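Asks: So you can see what is in the structure, the chains are spelled out below.
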Amino acid sequence: MRHGYASFLLAHCLRRFNGERMLAAVYHVFSGKKSAQTLQDSKWFQLEPLFGTWKNVTMAALEEAAMALVEQRLALSAKQRTYTLTAAGEEWLDKHAALFPRHLNGWRYHEAEPLFWQRLSLIGQTLSNLVHGRRFAPICRDERTLQWVKQYLLAKGSRQMLAKTLHQELVRLLEAVSEEAATIFTLRLTSAVRIGWTMEQIAAHLQKEALYVQFQFRNVLHYMMAEAEVGRAPMMAELMSGLAPAVLTQSAQKTYEWLRKGKTMEAIAEIRRLKRSTIEDHIVEIAANVPGFSIAPFVDDEKAAAIRAAAQALRTRKLKEIREALDGKVSYFEIRLVLAKEVGRWTS
Amino acid sequence: MDELTKTLYRRFGHASFRPGQREVVEDVLAGRDVLAMLPTGSGKSLCYQLPAYLLQGSVLIVSPLVSLMEDQVEQLRRRGEKRVIAFHSLLDAEEKWQALASLAEFRFIYASPEMLQSAKFLTALRRVCISLFVVDEAHCISQWGYDFRPDFLKLGEIRRALGAPPCLALTATAPPEVQEDIIRTLGMDGARRHIHSVDRPNIALCVEHCSSTEDKAARLVDYAKRLEGPGIIYFSSRQWAEETARRLDQCGAGRVAYYHAGMDGEQRLLVQQQFLYGQLDIVCCTSAFGMGVNKENVRFVLHFHMPTQLEAYVQEIGRAGRDGAPSLAVLFYADGDRAMVQAVAEAELLSPRELHNWCQRLPQGAGWEAAMAALEAPGFTDIQKRLLAYFLEREQREMPGWLTAEAKGRLYGRMAAAIEARRRWKRKKLQEMDEWVNLSSCRRQALVRAFGEELTGRRDVCCDRCGLSLDGYGRAVHRPEAAPVRHWREELWDMLFGEGRTNEAAK
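Sequence order for the protein chains is C and A.
By the count of numbering that gives the first Met the number 0, the first sequence reaches residue 347 at its end, each step adding exactly one.
By the count of numbering that gives the first Met the number 0, the second sequence reaches residue 506 at its end, each step adding exactly one.
Next up, chain C with everything else stripped away, as it sits in the complex (with noise of 0.2 Å):
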């Protein structure tokens, strides 16, 4: 690929922001930001496979990847630090679809991610060599994980027999994904006869971006969790127990705990010693992520329904744009909402 795989993550960004939100924007999607504003986006753009996947990403990177696009004419600087993809820029990002990890998830998996392979790799590890007999050293330190594995092999009993379940659940989902994918993973693996790859080596040797490799990686794992999780990898699925992602941040599920109780966003805060603004925040989260969470309390309907109305025929979701074609009638907390509660009836 010509143009460097950043470059491509990022035409796929641009593409689905539009011209509606900065560079930085872009950065605080990749490294996972916490924030309401980017939790939003991430769903908004529905960029939530991409949330929390590249998490040591400067913005030096990115503005490097910004201007190798430019230079193509694949993408213009509309405005300070906001770029659009160009007609040709489009076609370049159609033609390179299939270079999009599809399974990729870091909505749902980019916390649980770095357990769950912890977990699989020192498994992998010592099973290994167990099965040749050898001592080792732990190609993990992380004490959690090194009294996960200890318990879950004490409970399991034969080392053979689960030697051969994970030779077997590995070999299944692996033939699903692509052969280099495949070997990507595989050369990630450490084992009695060989201690694993470092992403470098192994984009040295397939004679790829390490970048790339990365993303191949990281879809492979993604695919396992989510297979684990709709009970088609079982051995996969024990190695997720405790790191099934909840859907709402942990403050947020207080929030909703307590409005569940039939408390006001006054009480809650008072209760909770938070800012108005947080609870509000949390609102915005609870409505976006649980189904079935109604925002009548929050908004009334003709309110909402004139923001849905605004939002559509200016087809933006700029929270200021909106609140002044509404002249200003209706709350940033109030637009929130209702575009919240809208995510999935916009596809681009």
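Keep in mind that the hints were calculated from the coordinates and are not lab data.
Since the structure is predicted, the reported quantities are computational estimates derived from the model, not experimental observations.
C-beta: ideal position from N, C-alpha, C; glycine also.
Hints may contain errors.
Stated by the list, open to error - Computed spacing ranges between beta-carbons, pair by pair: (1) A:Ala324 to C:Leu152: 34 to 40 Å; (2) A:Ala103 to C:Leu98: 53 to 59 Å; (3) A:Glu156 to C:Gln167: 57 to 63 Å; (4) A:Ile382 to C:Met58: 22 to 28 Å; (5) A:Glu295 to C:Val246: 50 to 56 Å; (6) C:Lys262 to A:Glu242: 57 to 63 Å; (7) C:Ala23 to A:Asp322: 52 to 58 Å; (8) A:Gln430 to C:Gln206: 44 to 50 Å; (9) A:Ala118 to C:Ala23: 38 to 44 Å.
On the provided structure of chain C, position chain A as indicated by the hints.
Replies: Below, chain A alone, put in the same frame as chain C:
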């Protein structure tokens, strides 16, 4: 076989002590304070691990590096020791507090100096019978230690708070003035000293003077291609380490990887383990690599940039030849290196202007907490913060009260003086390093003299000044090819069923 050797055999599987260990162990068991300076790779940790099985109560080990602590915990566990725990910042809070309740059950309690600042932790420790207080890498105690760790300076107080248990201070590299600092800080007057030579006879020393940085890079690559591995190459910057690793890889110097603190923990551990298990020939790294890497057969250590002082150099080349076989240390030097290394060394020191601006911005009339809080604000590096926090704490004791305009002025003056003193000291150490590089007489003699020793007798193989042939260090003509990567199905099969090719990773 006497009791001590029996225990050594039973617990550690060694039939005899290595030089220096027995004397230290005996003094420790006799309840004496001990300062032991043993060369890297001589089995320092055994000096407290063995007594732990013979003393009543727990042994507390203070260690400066999380990775070092983890390595030792891991090694102990592999020997079947269950009663071991490590307290450091990376531990889960919940886990920590759980373990505190049953602290006395542990034979080995590892702790970072930062953890010992916690009142809660200290209270729990006071309920435990500490039979030995061990300070690993004790040169950090000296404020003139090359690794500045202010929390180490408080270890004397902590030892007293724990009822002054017998103390064992371990280090590989401490010149006489640092030894004095260690003894004073830990309050161990009358300690037995077991000081072993820093000289490692099987490591040949060599300096290559180059005409430019480019020349240096070319010569380094040439050496790396010709020398028998495995080897370590040190750089003072991450970027140089990465770039050279790529260059070496491309020119077929073997299996090469880089290692520095900018990588995530997993990738670092992978590189370290690959090196240990013989999957790599060369690691290009910064000084972050090496502590806790117990690899016996490292054949060469190269330095693309000289370290900021001789102590660090001795530590780093000491990772070669632990098996006692002939090994080589080469330092590459070009004009301009000294200025470059000085800049790296002094990056931790604020300029007078930066310090002045920072002092100016402190809220007038506030308390000292405001000054401490202000350390977080303006993008200081971790080491700058550590250094400033240390100076601030010291000044707070000297001049309690509020930060009036006058107090701020005095604070600036005193902190500027402290920073200046550190700058002068660093330059002196670098000067020493630089002189060693440009020496015309025996390098080995000069190296041991810096540690207050004299060399006795002549070595067959010594240094470039005494005449050194590199013939014996060349690569064997046939070197094993890296095992080819097979299809992922076969790799998985090998991994979990163990039939197939012979073991690449076997040592």
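Asks: Indicate whether the distance between the beta carbons of Glu156 (chain A) and Gln167 (chain C) respects the range 57 to 63 Å.
Replies: holds, 59 Å
Asks: Is it true that Ala118 (chain A) and Ala23 (chain C) lie within 38 to 44 Å of each other by Cβ?
Replies: With a Cβ separation near 41 Å, Ala118 (chain A) and Ala23 (chain C) satisfy 38 to 44 Å, so the hint holds.
Asks: Between Ala324 (chain A) and Leu152 (chain C), does the C-beta distance stay in 34 to 40 Å?
Replies: Given a distance of about 39 Å, which is inside 34 to 40 Å, the answer is holds.
Asks: Is 50 to 56 Å a correct range for the gap between the Cβ atoms of Glu295 (chain A) and Val246 (chain C)?
Replies: About 52 Å separates the Cβ atoms of Glu295 (chain A) and Val246 (chain C), which means 50 to 56 Å holds.
Asks: Does the hinted range 57 to 63 Å hold for Lys262 (chain C) and Glu242 (chain A) at CB?
Replies: With a Cβ separation near 59 Å, Lys262 (chain C) and Glu242 (chain A) satisfy 57 to 63 Å, so the hint holds.
Asks: Are Ile382 (chain A) and Met58 (chain C) spaced within 22 to 28 Å by their CB atoms?
Replies: Holds, at about 25 Å.
Asks: Is 52 to 58 Å a correct range for the gap between the Cβ atoms of Ala23 (chain C) and Asp322 (chain A)?
Replies: holds, 54 Å
Asks: Could you say whether the range 44 to 50 Å given as a hint is met by the Cβ separation of Gln430 (chain A) and Gln206 (chain C)?
Replies: holds, 47 Å
Asks: Honestly, do Ala103 (chain A) and Leu98 (chain C) meet the 53 to 59 Å range at C-beta?
Replies: At 58 Å between Cβs, range holds.
When each numbered hint is compared with the structure, no violation occurs for any of them.
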